[in-house]
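Chemist: Read off the chains here:
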Amino acid sequence: CVNDLDTSPIDPRVEVSDNVYKNQENYLKVLSKVYGNLSLSGQKGPSGDGDINGIDEGHGQFLRGLFYAMEYPTDEANNCWQNEFDLSFGYTTLSYAASNGYVTALYSRIFIGVSYANEFIRESTDDKLAARGVTDQAFINTIKGFRAEARFLRALYYWYAIDLFGNVPFVTEADPVGSFNPQQKKKAEIFQYVVDELTEITDGSGDEKLVDSAPYGRAGKYAAYMLLSKLFLNKNVYTFDYDGNSTIPARYPSGVAADYTEAARYAKLVIDNGGYTLNSDYANNFRADNHLSPELIFTVPCDGARTQSFGAMTFVLSASLWTDWSGLEDNYGTSNAWGGHRSTEEFVAKFAEGTDTRAMFNRELMRPTNDDIYDFKSGVGVVKYKNLDQSNTIGKNKSHPDIDFPLFRLSDAMLMYAEAVARGGTGDRATATTYLNQIRTRANQGDISDTWSVADLLDERARELYWECHRRTDLIRYGVLTSSEYVWPYKGNSETGAAVESYKNLFPIPQNEIGANPTLTQNPGY
Amino acid sequence: QERSVSGKVVDENGDPLPGVAVLVKGTTKGGTTNFDGEYKITLSEGETTLSVSYIGYKTQDIVVGNQSIIDFQMEVDAEQLDEVVVIGYGSVKKEDATGSIETVNANDFNQGAITSPQDLLNGKVAGVNITTTGGAPGAGSTIRIRGGSSLSASNDPLIVIDGVPIDSEGVAGMQNPLNSVNPNDIETFTVLKDASATAIYGSRASNGVIIITTKKGSKGKIKIDYTGNVSYAVPNGKIDVLGGSEYSALAKQLYPNISDQVGTASTDWQREVIKGAVSTDHNVSVAGTAADKLPYRVSVGYTNQNGILETSNLERFTGNISLTPKFFDDHLSVNLNLKGMLVKNRFADNGAIGEAVSFDPTRPVKDGSPWDYGHFTWLDASGNPIVLATQNPVARLEYTNNTSDVRRSIGNMQLDYKLHFFPDLKANLNVGYDYSWSDGSNIQQDSLKATFPDKGFRSTFDQEKRTELLDFTLQYVKDIASIESKVDVMLGYSWQHFYRKGSDFATNGDGTIEKTPFTPYSTESYLVSFFGRLNYTFKDRYLLTVTVRNDGTSRFSPDTRWGLFPAFALAWNIKKESFLDTSDKVSTLKLRLGYGLTGQQNINQGDYPYLPLYTQSTTTADVQVGTNPDGSPIYSQTYRPNGYDANIKWETTATYNAGIDFGFLDDRFTGSLDGYIRYTSDLLNVTPVPAGSNLNNQVLANIGNLENRGFEFNFNAKVINNSKLNWNVGFNLTYNQNKITKLQASDDPSYDGVYTGGIAGGTGLNIQVHSVGYPSNSFFVLEQVYDNSGKPIEGVFVDRNGDGQITEGDRYRFQDPAADVFMGFNTNLAWKQWDFSLNGRVRFNNYVYNNVNSVNGVLDRVNQNGTWNNVTRDALETGFVTGTTLQKYSNYYVQNATFLRLDNLMLGYNFKEVAQGAINLRVYTTVNNLAVFTNYKGLDPEVDGGIDNNVYPRPTTFLLGVNLGF
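The listed protein sequences derive, respectively, from chains A and B. Per this note's numbering, residue 1 is the first one in the first sequence, and the count goes up by one each step. Per this note's numbering, residue 1001 is the first one in the second sequence, and the count goes up by one each step.
Bear in mind the hints are in silico, worked out from the structure with no lab data behind them. Keep in mind the model is a prediction, meaning the values are calculated, not measured. It cannot be assumed that every hint is accurate.
As the list claims (entries may be wrong) - When the alpha-carbon atoms are kept at most 20 Å apart in a straight line, the in silico SDA-like pairs for lysine to any residue are as follows:
#1 A:377 to B:1860
#2 A:377 to B:1379
#3 A:398 to B:1510
#4 B:1742 to A:179
#5 A:186 to A:518
Put together the whole structure using the sequences plus the hints.
Modeler: This is the structure:
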């Protein structure tokens, strides 16, 4: 009979959204997916029920896409997978195009994160809770905290959106789910929105607040301060309006002192009040048990048993290893060696090898030359990440490491403080020097000279933060990602390096997106 | 002078035949036989000839002479039986059919080593294109009727078995959903092609309908038939790779410094894994009428098919019961069908085919290696297998045990009741079910290199599927002589429920690591429909058919779930016009015109695409949300909000069809010609949505249009037809052109389209694209540049966008996998007790991407990842060295795969006088896949989907069979 047509899902894993929120335990599960967009590729780890379409599930994972975008176009890393190189890739040579599948996937991942956050925020308002008959005040308060976390994550995703793509569409929980064309906003407007949101959930007057000390894996107040510091440090980049002159400069105009003051202030709040300390052993920040490190402010937790994918740390670790290296399991905790990304002698030369404990490289079978972009062995292996704990015990799963990816950590705050002060922000240069020396001392390096300059910090950041997805942003802030001022092997598809067009400072809005949303304007140059 | 003649009329079995018309020829004088088949007739002076006729039998004329008792034995007229064609929810005389319908009877089926029903039909029907996925036992196939009308939704035709529409999504563990019917039990296939014929199936009819009718009980005494055969499948050529010494020479030339690593053996890896295989097939059927009341047919079948790829096997047991009694003076007809089957599969990993192509021919199969149970394996310095090296294919097959057991039953009961008080009205109730239960496991042994470092692999699955069906129709048929009209009205209601549940689970070999967490699933959907059909005949020659179906599906929201699908057809049976009525030359001539709308709800995207759903994570896709006081992590399951389109609705296809049926010289030459255009709008397509607007980057939505246009021609000739020699020839031809006309909300000319057609040689590489203005699945490639001698130059392509560099922006659409023209031909010859038949097919301008050569046709393959690999001869011909992604995108590898294939050849002999004629004995031999003629550079030009990679090779099969009838 006709009433049979009114079905609802009978699958044990699937629920209509109204039913999900009938159970109070499920609020955390929905919020967890907003976090999980950073670490997972789908609902059936490691693969089988992917979140996004149109790309291999592992390739479309957020952290994997972020690593491609933030590391391969820089001096820190390059990729030799010829199968992915020319047409679909082009990251290493900075020749990415609007139809690039990886650009599309990362863009999709960022906005799916925004959408997940919007959905949670939309479904957890006071009105919705009241309509569902929730009266338990303790639960209501918990939800307010969750909402602050969702707003933090949304801000984080929007930060990546303007950093990578410039002017992007803007949607919030006020928008419906369906088919409409979100309006494109200038990155300066989104910058302001993100700053306002982060300010509100930390020091604002509302009741949706991040806690001081967040549970591990979650965002607390200091993660937000860290992000605020980054936003202000790069504000000159994020607020530059290229619409009028239709070109993107290789070097953005300098920022104003007030912004660097804010960057320094937020960094200082993290350093002084966050309760984080430098780990005495640098390497412990990148091991299977790095969740124990007191230095990590915000991470993307991965786990061999519970949080599996073919992106995230599985990718970062396995792609850095070469199959013929000896003792793969003993030294790195996995024998899954994909031979994907490595570095160059030119980059490694920034380290005082032999003394600098941050220099974790493997030259076995490697050639020092950069003569073959398709050959992993042309370059230097980087073995910073290990699926081994501090006692060298292999993680739970030899295929999927337990390493948590360190998105924000204390030494980055210290370096940002120093840079903000050096760029004219209000602060104390002597304190900054102390921070730099703490970092250097831990690395078994001598004190930095008193006359250190902004320029010196770029190399220090490379040594301290390499392969942690900061490099592209740093090079742009220093005006050298695209220019001829600083080149490295494979930049501009040249063995020794060459300048590229300055519009490469932004990635293109994906071609798919331009077709789906005709109201968008493509970035200049693409 | 009057005299009387009497006698008895019996059927082919000698049983009395009541109701036979016995007339004086040329008059209307006469009568019909009584219940005992007896007649009596009085003849006047000058009346010399009797004419005896009965539907389904040949009319006989007899000169009475001076006889007073004349008995007749009627002969079945196969042609007349053909004349009734099955259409949805009923049947119609062929001469009254208005749509594009073709029927293939058991007599015309393809012969030989055939285990899958669709192979009986291949090449027989214009507009129906069948491509098997390969030569594996029980392999599935892709059936396309007049091209595909959808992109991401299903393009499979609806298949109706004895009145039960089956779920096209198939059964887990069975490659071919049609395999649930034993080909020996099939009586006819009826293919409904145009919308005026298919619209009665409304929302499921956009890709045509195939109605399968199984054999039923016969009148008269018991008949026992046995058919059995044994066949031998022979591998059919090899992929052209280098032999041991040739390879060794090349390796030494390319790598003089490390050439001492080259081995000394000479192993033909393809022959190590692909070998001849023996199969058998046995079927017994018993048919007859029990107690003069209950026609029955019972059959059992057993098939044991070995594949030519080592270890692959299919074992199938089938049973079939059909009961067709009638009650209450034939007012109530019952049609009961029960089918059951058990299939036990062992699947061979097709990956072994690619491994056999690329494995170093200078290595022995076995060398006492500590890995792969003594089979040669590539090891690193520390004695561990090299993860990226090629697996020894012999070991892979031998130590992998991938099996499934599928049990399935399809059954239905139809009650057809002619009302006692109002016999013009018939009521028909059809209740049916389709139930299957399958499970299976895939176990790869520890110490098999392929499973390193996980120490083996094991996975299991199970699935239960249920479909329940209820149809009810009322049919009113009335001849209204006063206005020379005949009216046939049918009204119906249909309800069908589809349910499926199951689970998957996989771990490493010792169960310590979950590879796929235990994942149970279940889902269901309903279809509810109201439909009607009017057949109106005026003056016996002007025919009108109107059908309408209102379909409701649970897959769409209450606002969009009902779809109305009307169709109209007109036919003019010109033969019955006075000016042709008596023509000896033109025996059939009919014009047909049809228009109709059909729908598509088989979306391949779950059963609830319009609902806001959340999916829970498995235990391997959780997120850490904190730490317990003891330092252990706290994990939270995640709930993912899924993308959806609340407004999703039917995809609609409008079809225009014009056709002509013709026959000459008493139908010695018959045929038909049809032209059609099909417009699909509101295409169900997984399409990118504006970022941020939904909960996924791509959502199933109704965006896009496409069209198919083409024509079909078929022709049959009885070249010679006499008592000693019969020679028939049949030919059909189809031309179809497919084009996408809209894909996106906005028509952005720079939009490439939807990438599809993944190729081997890298993760996420796609060689095909759906683009506006081009056929679906067009190849999207770079244009290769050739030197003066016609040799492709590695890495050099035409800079089509003129930006001075070769990038993805230089790709263009070059050909597509669908043939422009396909043809089928068959001939059969019967001479005395011998019979012979031959069938073949031609496909013209179907293009194939040669993925075997694009991966293995480069010299760098010889030494890669520290191991040695063989290459295809193409590497020597092109001289390609590195094989970058750019090179893989070259149109050099998109090759014209036009072919002519001789599918079946049969020679049979009928022994007439066995046991005084009590036994019919027939012995026959067939050759399947006799020969292929093509210029395609790969192994086999017939590639489902157009990407040639690891295709299970189709063997040539020799068969010896016997039919025994009692």
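Chemist: For each hint, tell me whether it holds in the structure or not.
Modeler: Status of each hint after checking the structure:
1. A:377 to B:1860: Distance of about 15 Å is within 20 Å: holds.
2. A:377 to B:1379: Distance of about 19 Å is within 20 Å: holds.
3. A:398 to B:1510: 14 Å, holds
4. B:1742 to A:179: OK: residue 1742 of chain B and residue 179 of chain A at ~18 Å, within 20 Å.
5. A:186 to A:518: Answer holds: residue 186 of chain A to residue 518 of chain A is near 16 Å, not above 20 Å.
Checked against the numbered hints above, the structure breaks none of them.
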